[in-house]
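Student: Spelled out, the chains give:
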Amino acid sequence: MPTFTPPPLPSDDKRWKIVNGTMRKSGFARHALIETLHTVQSSFGYLDDDAIRFVARSLRVPLSQAYGVVTFYHYFSLKPPGKHTVTVCAGTACYIKGADKLVAAAEQRLGIVPGQTTKDGNISLMTARCVGACSRAPVVLCDGNVAGEATTEQVLAQLERWAVE
Amino acid sequence: MTIEELEQIAESVRLENAKFDYEVNVCMDLACASQGADKLREALVQAAAASGKSILVRKTGCMGPCSAGPLVKVDEDDTLYSHVKAENAEAIVSSLGGTPVPELQCELNEHFDKQVRVVLENAGHIDPEKIDDYISRDGYKALMIALIEMTPNGVIHRITESGLRGRGGGGYPTGLKWSTVAKAGGDLKYVVCNGDEGDPGAFMDRSVMEGDPHRVIEGMAIAAYAVGASKGFIYVRAEYPVAVARLTTALREARRRGLLGNNIGGTTFNFDVEIRLGAGAFVCGEETALIASIEGRRGTPKPRPPYPAVSGLWGKPTLINNVETYANIAPIVRNGGKWFADMGSERSKGTKVFALTGKIANTGLVEVPMGIKLREIIEVIGGGVPDGHTFKAVQTGGPSGGCIPADMLDIGVSYDALLKVGSIMGSGGMIVMDDTSCMVNVAKFFIEFCMTESCGKCIPCRAGTAQMHSLLTRICEGVGTMDDLELLEDLCSTVKEASLCGLGQTAPNPVLSTLKYFREEYMEHIQHKRCPAGVCKIEAPAEVLA
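Protein chains in written order, with this note's numbering: chain L, 1 to 165; chain Z, 1 to 546.
One thing to keep in mind: the hints can contain errors.
Stated by the list, open to error - The calculated DSBU-like cross-link candidates involving lysine-lysine, where the alpha carbons are at most 35 Å apart (straight line), are:
1. L:Lys79 - Z:Lys85
2. L:Lys25 - Z:Lys316
3. L:Lys25 - Z:Lys457
4. Z:Lys85 - Z:Lys39
What the hints contain is simulated information worked out from the structure, not anything from laboratory work. What you are looking at is a predicted structure, and each value in this text was computed from that prediction instead of being measured.
Using the sequences plus the hints, can you model the full thing?
Tutor: Spelled out as structure tokens, the structure:
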């Protein structure tokens, strides 16, 4: 059987070594695709075409299949995130406690809808399926920090702080 | 590692803890952490050092009543303090050895009296990052008993005898599932733990994985021994980074102690576990989709049979159980099947953990014996609906479940009773709604969820949920007609009957149950262009549209 040589790293950016490390750990097995994409996203913040191509070639997965996986799972993003991210939880408990008002307030303030980033690349607005902090609903994550029983005023104040930074 | 060695470790932990005069536990679960439990813990450590008393300040997993957080528990006299702030640390420390601080004491006696803790028995008592804490509370003893004193068939017999049913929602008898995998041929088998708690409004599995990770690993190891597997996977949502970190630590510690790896307990049993991350797809809670995801593919379900018990991960026999199911295994092996079967109701044995949320006074995690009346959970344990509002419905089972109205609260919680009233047990989300919730809008919320989460493989689910969503949107906007309602009911049965997997088959449940119990709200929207709860924005004048 011909031996397989993984493709060279796309650049000398050190983060590719981390990505390569994840793949090496599984012996470049195809089933490491999702794990590897997670590593790319946590290292680079999102998945761009070069990264998907590199991972697909390294794991000998057809590019279409790799792209199919990326677009299937909500967690993966094809666009770079803003400098800051505000995520409103849209789980059932948060919905019952009025999370839609928080989303509407943020939408109005930022002029974008969930999934988008402000034109200056400063703030991304996201919604989450459920972060599991339902007992403190409604929940907002500001750059990953969980704030429970969030109010519109708090969210707007945080957006204001980020805007003037 | 033998039973004697385990007991030695437990003894040394007890001796180590005995050096301290007091043990103060701080809940560090997400809800308490988001209310400043971190600072509180530091303040307690500082206050302890300054007081000159010898105090062990321990960080623990979820203690239960999140709405009373941050929570602190003093082990010596079992005092629970609620709403504790960093500035209260000194008062708590100086009260040790005397009378507890009255103004901080948690007044939730009834909340706890009705609960029975099996899965959550260690919650609030152990540091989840220390394997020795777990061992000191009989941890891994069940694994050793199974490996050394029992045959694989004996273990399966004990689980069957306990009457344990799958806690992921379906309620399939666990013993039966195990024996199917055990009987399947081939020497390579897998055990998988489903930690893809995608049901919005539920966080029991997160709390168990974060607060007592070894319990899950021990359950998996016992299962692996029983069915003849040597490799396990825990599939966890990527949205739960703390759970991933805790499980990673726990696996490393278990390997270090020889409780995972080769020749566990000096026997020929080999077993190890890998963690796999989900990536935000609700459908991956369905077992064939979960398998596809572990294999690195899109999480689309496959028709069954063949069931994973016969042909699962990479075509090998695979046992898939939920986090809470595995968390029940060790106590059953330790205490016997009968002990477990003595709890609960006729066909639903043991206890169930629920995440009590929504419009209810005491939100948080509760563990109750099966068969308990819904009314007791909501009115006594949950403390009822706050702020002078009235109870309207309780939703169980997430997007696959239904809404149960006030006049049905006297049913006992069991798989069959919940199914009978048009809901399901589900994984354990229990969301309380009051008069400010519009049930048509609630139905729309769940259908929107199922529509976006549909994997798109089969048409009834992909197109059906989208059409149901547009009909519900019309009704919510006040432009729905009676024909729309009829079409909606028709679609419900099509999607239910014709969908490939559980997601589609159960997606109509929230619509069907609200139509059954809250039909008048639909009629108000359609005939009077009015939303009784004032949630839906109906702007157009009624006479134009009538």
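Student: A separate judgement is required for each hint: does it hold in the structure or not?
Tutor: Here's how the hints hold up against the structure:
The hinted pair formed by Lys79 (chain L) and Lys85 (chain Z) fails the criterion: a straight-line CA distance of about 40 Å is larger than 35 Å. Note on Lys25 (chain L) and Lys316 (chain Z): the hinted pairing holds, with a Cα-Cα distance of about 23 Å set against a maximum of 35 Å. Straight-line distance between C-alpha atoms of Lys25 (chain L) and Lys457 (chain Z) comes to about 32 Å, which keeps the hinted pair within the 35 Å bound. Restraint check: the Cα-Cα separation between Lys85 (chain Z) and Lys39 (chain Z) comes to about 8 Å, which is no more than 35 Å; the hinted pair holds.
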